[in-house]
Amino acid sequence: MSQTVFAPWNDPDVKPLIQFKNVTKRFGDFIAIDNQSFDIYAQEFFALLGPSGCGKTTMMRMLAGFEKPTEGTILLAGQDIAPIPPNKRAVNMMFQSYALFPHLSVWDNIAFGLKRDRMATDAIAARVEEMLKLTRLEKFAKRKPHQISGGQRQRVALARSLAKAPKLLLLDEPLGALDAKLRQDTQFELMDIQEKTGTTFVIVTHDQEEAMTVASRVAVMDHGRIIQADTPARIYEMPNCVYVADFIGDVTIIEGRATKSGDGYDIAYAEGQPTLRATTDKSFENGQTCHLAIRPEKVTITAERPEGAANAVQGKILDIAYLGNLSTYHVELPTGQIIKSQIANTRRLSRRNFTWEDTVWLSWTETAGVLLEG
Amino acid sequence: MRRMTWFNATSLTLGFAFLYLPMVILIIYSFNESKLVTVWAGFSTKWYGELFRNEAFLDAAWVTLRVAVVSSTIATVLGTMAALVLVRAGRFPGRTLFSGMIYAPLVMPEVITGLSLLLLFIGIGLDRGVFTIILAHTTFSMCYVSVVVSSRLVSFDRSLEEAALDLGCSPAQAFRLVTLPIIAPAVISGWLLAFTLSLDDLVIASFAAGPSATTLPIKIWSSIRLGLSPEINALSTILISFVTVGVISASLASKRASLRRQAEERAAVHA
Amino acid sequence: MRRFALIAVPYFWLLALFLVPFLIVLKISLSDIALAIPPYTPTLDFSAGWEGFKAFLGALDLENFEFLTTDDLYWKAYLSSLQIAFIATVATLIVGYPIAYGMANAPDHWRPTLMMLVILPFWTSFLIRVYAWVGILSTEGYLNQFLLGIGVISEPLTILNTNTAVYIGIVYTYLPFMILPIYSALERLDASLLEAAEDLGCSRITAFWLVTVPLSKNGIIAGCFLVFIPTIGEFVIPSLLGGSKTLMIGKVLWEEFFNNRDWPVASAVAVILLLILIIPIILFQRNEQKQREADG
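Chains as they are written, first to last, in the working numbering: chain A, 1 to 374; chain B, 1001 to 1271; chain C, 2001 to 2296.
Okay, chain A solo, but in the shape it has when bound (with noise of 0.2 Å):
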């Protein structure tokens, strides 16, 4: 790795922006979250990822000051930030719903937060134009948020939250309300303006494409609890538990024992079928409940037994998912396991190989699979 790969988080120099410690939040009876411990670091697009529920929009508002940590302390540069009233805090949201005030224009939404600041006249004026350049939007300045479309109306929320030049900004699930094509573009827009700004950005949202497009880090969360916290590609290639790996992209999961054998483990999964093959830096006791997770990307489909596989089973297919760029084959083996595999149809639909009900071998490599504990 070189030096010039942004990851504060290997660094033991680099003091965190954000740290919880041993924060829990309890509303009445229910434990939203569940004494977590984490960190984030200056300039890093955080994202915190999960099922509605999970937990992940209390830590949001805590961040934000409208919720107290009923045990714990929230550090901000060092500094605990529970008794710091939201209005006083250097940290912005973007609403999910925006929250554009309906009766102001585009320019006063976004001169609101500075106006509070008792800046002068003409320094909010600048900051404003900046703020509209930044986001595109000189030429609906005047309107109302009723005025200017979805998309528009996100970027006033961005530049209006951005105005203030938080030291956080918090951004609560940005891009749900926007249809699938305008959210790729403003995901890209959305990294471009972070690394402009240099802002530190958490973002809260539960679509995993969304969290691993724009996020320097992601948060796995589930009741109330941070699963696994680590970039992108680390939990899409190294999920640490089957909650992670099932949530994170598409997965076969086969459940087995597991024995050492080499520098590998043998899986049984089924009776009288031949073991599968796993490497992994994790160990596992002799006969200890194991299961075996991948990505169907990784998973060769063939008409014949592929030679020096070291796994290779045979199967029927079930069902075939057409998405246009790829095709998953749902595989089923004779023990009644279903596995996927993903290919890429580079070719055009006539040439394609297999159809249902065909008899076809999946194979895959060692270190294709994630051997995961019970």
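For the record, the hints were derived by calculation from the structure and aren't laboratory data.
It is possible that some hints are incorrect.
To list a few chain B residues with every Cβ distance to chain C over 10 Å, as calculated [stated by the list, open to error]:
hint	residue
1	Thr1005
2	Leu1065
3	Ala1104
4	Glu1110
5	Thr1139
6	Arg1158
7	Asp1166
8	Asp1200
9	Arg1225
10	Ala1253
11	Ala1268
Now the stretches of chain C that chain B is said to cover, found in silico as 3 or more residues with beta-carbon under 8 Å [unchecked claim]:
hint	segment
12	2003-2011
13	2071-2083
14	2129-2136
15	2156-2165
16	2235-2243
17	2259-2269
Note that the Cβ used here is the ideal one computed from N, Cα and C, for glycine as well.
Add chains B and C to chain A, keeping to what the hints say.
Below, chains B and C alone, put in the same frame as chain A:
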């Protein structure tokens, strides 16, 4: 995020105390022994007895009830028709005048409505009595009914009617079998509104009623002009209790219906 | 022809019982008082044909309106009606806004009950609700008994039969008209807007003035008109709670008609009252229109 602060709690408490204390006092003092309304002299229900022996009040109550039932029923029919015209009939000559005549009585001071109707009745030589009060009440309450019903009709999904027509209903059948049952709650609340307006009305009835007919509000009015009266307190208590019981049971019924509906929907999801 | 019947029935009903009576008022306001039955001239005599109609028109004049301008009772009554309605509207707003605000911020499961409590007085007799205050505000009334009892005052206050009593009566009876539109505006207010304002540096109070108030503006305006318009022509409250010095045009009209039996002048009073009301009614309609467009 809703916050129930001390400020909100205080303003609600004071606000509702202001709205209800006068009525509560009225009710308490209706059980006062003394003829002097403001001096408490012990518990008694004697004014209720007096009230029920007072023929004039009973007659007036009977007249009022008849007027209210008849006028609110006619007003509901006319008002529902007017609502259909407003929402459905599209353009026709004099539409603006029509909608103007629907909305104007809502903001017209009662003294003017009353005066103008009286002048009409005299002009055409109609003897004033129960009949003229009914005409007057029907006219202004049909406007309220039509506003209530048309606000429901606006949000009515017309594809339901189209489905009925598609399945072989005549337009009249579609209205009777599909539209009417769905807008029925609005029609019923329109009727209730018309009924209460008629029960309550003093000013218009005073103009429209001749010497031959006296409604309860007219009777109450002539009595309280002379000052406080324990009988009126008793009568007020009866009227307030009727309304309270009616409104509370109506709202409980609608709450129960919506709870049942929710339960059924939940059951349907899990089924 | 079903459509024709549907339109025609309510149409002719309203023409006959709303528009025609109003035209009669207009016509009588242009007539002269007479000691006859009906007590005004001219009366339209259809048997005289076109000539009779011309004679009838010729006899109409603006004398009653001139009379209204010469006797200062009338314009004073108009002005004082407007003034009382205005002050009472402001007072109702001050009392009603916090209640609507409290309701909108109350827990969800309270709100239907609170709503019912606001609507309940609507269904209760207006007359009785006004009458309830007579006992409270009179010299020997409950309020004076209470205040004397706790020693705040040593002499009973004179409130009944003053304008203060009229204001109290109006605030009391029209309060639901103020609360409901404001409540519905506040209830629709997206709570995240207030959070956004706080997030951008507002204190709670600034957020209230900069976000809540402007966004409930339409509700405030609607509520004010709903109180102001009917209050101008109010008759029961000034008659029952007001004193001899309380001048309100509804009361004047009533007395002119029933006590003085001057129908032409009463009609002229009514016509001018309507002309005065047209302005706030149009403003109210425009506000409603704006609201609908904003919603749509």
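Check: With a cut-off of 8 Å between beta carbons, are at least three residues of the segment 2003-2011 of chain C near chain B?
Finding: As far as the segment 2003-2011 of chain C goes, the hint holds, because 6 residues have Cβ atoms under 8 Å from chain B.
Next item on the list: Find the nearest Cβ of chain C to the Cβ of alanine 1104/B and say whether that gap is larger than 10 Å.
Entry: Violated: least Cβ distance 7 Å, not greater than 10 Å.
Next item on the list: Grab the minimum beta-carbon distance between arginine 1158/B and chain C and tell me whether it stays above 10 Å.
Entry: Nearest chain C Cβ is 16 Å from arginine 1158/B, so the label holds.
Item checked: Minimum Cβ-Cβ distance from alanine 1268/B to chain C exceeds 10 Å -> holds (24 Å)
Notebook entry, point to check: Would the least Cβ to Cβ distance between arginine 1225/B and chain C come out above 10 Å?
Noted result: About 8 Å separates arginine 1225/B from the closest Cβ of chain C, which leaves it inside 10 Å; violated.
Note to self: Checking a non-interface call: every C-beta of chain C should be farther than 10 Å from the C-beta of glutamate 1110/B. Is that right?
What the structure shows: violated (7 Å)
Margin query: At 10 Å, judged by beta carbons, does alanine 1253/B keep clear of chain C as stated?
Written below: holds (12 Å)
Next item on the list: Mind taking a look at whether chain B covers the segment 2235-2243 of chain C? Criterion is 3 or more residues with CB to CB distance under 8 Å.
Entry: This one holds; 4 residues, not fewer than the three required, reach chain B with a Cβ under 8 Å.
Next item on the list: Establish whether the coverage given for the segment 2129-2136 of chain C by chain B is satisfied; the threshold is a Cβ-Cβ distance below 8 Å, and no fewer than three residues must meet it.
Entry: That given contact holds, which follows from 7 residues of the segment 2129-2136 of chain C lying within Cβ reach (below 8 Å) of chain B.
Notebook entry, point to check: Should the label of aspartate 1166/B as a non-interface residue stand, given a Cβ cut-off of 10 Å to chain C?
Noted result: holds (20 Å)
Checklist line | chain C versus aspartate 1200/B - minimum CB to CB distance exceeding 10 Å, so not interface | finding: violated (5 Å)
Margin query: Tell me whether the statement that chain B covers the segment 2156-2165 of chain C is true, taking a Cβ distance below 8 Å and needing three residues at minimum.
Written below: violated (count 0)
In terms of the numbered hints stated before, the structure departs from hints 1, 3, 4, 5, 8, 9, 13 and 15, listed from lowest to highest.
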